[in-house]
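A.B. asks: Assemble chain B onto chain A, guided by the hints.
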Amino acid sequence: MYDIEYLHEATSVEDAVQVLARDSQARVIAGGTDLLVKNRDGKFPAAHLVSIHELHDELDGVTLADDGTVEIGPITWFHHVTTSPVIQATVPTLGDACDTPGGPQLRVSGTIGGNVCNAATSADTASTLYAYGALLDVRSVRGERTIPIEEWYAGPGKSTLAQDELLVRIRIPKDHYEGFTGHYFKYGKRRALEIATLGCCCLVKLSADKTLVDDIRLAFGVAGPTPLRALKAEEAVRGLPLAKAVEAIGALAQADTHPRDSWRASKAFRLQLIGEMSRRSLVAAARKGGATL
Amino acid sequence: MMDMRILTCTVNGKKVQVGYDPRESLLDTLRNRLHLTSVKRGCEVGECGACTVLVDGVATDTCLYLTQWAQGKDILTVEGLAAPDGTLDPVQQAFVDEFAVQCGFCIPGLIMSTEEIVRTGRTYSRDELRKLLSGHLCRCTGYQDVMNAVEKAVNWCVEHGYSDQAGARA
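Residue numbers (my numbering), protein chains in the order written: chain A, 1 to 293; chain B, 294 to 463.
Heads up, a few of these hints could be off.
[Claimed, not checked] Interface residues of chain A toward chain B, partial, derived using beta-carbon atoms under 10 Å: (1) Ile-4; (2) Thr-33; (3) Gly-103.
Worth flagging that the hints you see were computed from the coordinates, not collected in a lab. In this text, a Cβ means the ideal position worked out from N, Cα and C, and glycines have one as well.
In isolation and in its complexed conformation, chain A is listed as follows (with noise of 0.2 Å):
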């Protein structure tokens, strides 16, 4: 038994921001992966919630724009991001992402909105979202507006998203993504079941005779309170020979990222790491876009 004192199941996103905005305690539940685990915690005691996860034709599933956006519903699992063919064939790194959070049962639960809006700088797809420069759509009785992911973070497990508002769609517009390969690197004591110690996601666009380094985005989890981009380290080995970009990375990615002691690793630790899924990224990436490493 939960601690809910108020349970409203949504029949429409107009109704859901309708009880969002009249209840200033009401928070949204999605999958519950991670709100149910919270309040049986006593985090949040007496809650109020307003549940989304029956809104499967408003908020649920994988489409592609006219104009090559890749349009994602808040409430898809991520197990359907990671078999969705839109994905497959144009941010396929972000579907790799959504195979590793928890186990085969939570993955058919938990959703990506989820995901984004509880905002922990472990989230296994925050990293690659930031990579992918996603846009989250919001909507409130106020209206709708659009955050980018670079401006939705504000400190650990606390997003920009206001209390009325509610994540509809998550956006990733085709210069996004197009000529990019990329990899997730999740690290973790055991390969399910396992939280983050340290995620990284690189993407790269090669030359046409795959020998430089075009473009990268390189961004991280529980490299700092919040998911970041290495955009200094990026910049230095953007235009640079494969090669030399790969011998690199990693240091400047150490030195561009801010990770802390904690009782699941040590700032030591989580430095080498960063150093290491960098450039075993980067590696990854490069050879998913044709490079001969």
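C.D. replies: Relative to the frame of chain A, chain B by itself:
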């Protein structure tokens, strides 16, 4: 305090109506109101897989699934597997044949995930099966015989066209 609500759904092939408290998980409702005690209360945080049942054919942790969400759904637990004359279903039989059970607590969940796998009608490598079952923990660490049983069940079901039958029953 919230009023009781009524859940209408299908459980093990039968239409069911049952009152529930909106604070309940499907695990609570299946065990405490419908007395389906094959559904085990384990970690209650979605890590051990002991409470796994099929919801509309999908292996789901019921500890993190509000009963509210089961409205209109088709739910299958281990109690719904054996034939009316007591003949075990092929997955259950494979677990018996391979001595895949030690204390038994994790087994109903493992069987339901295996039921999901055999309904796909294809075979899998050992590594694929390990990943498909990675949402289950066995404290006895009896994984080897479980893997043997799962592999046997999956191969048997493919050879005998079992997924089509299961589909026809559902």
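A.B. asks: Hint by hint, note whether the structure agrees.
C.D. replies: Now for the hints, and whether the structure bears them out:
1. Ile-4: Ile-4 (chain A) check passes; min Cβ-Cβ to chain B is 5 Å, inside 10 Å.
2. Thr-33: holds, 5 Å
3. Gly-103: Constraint on Gly-103 (chain A) satisfied, holds at 3 Å.
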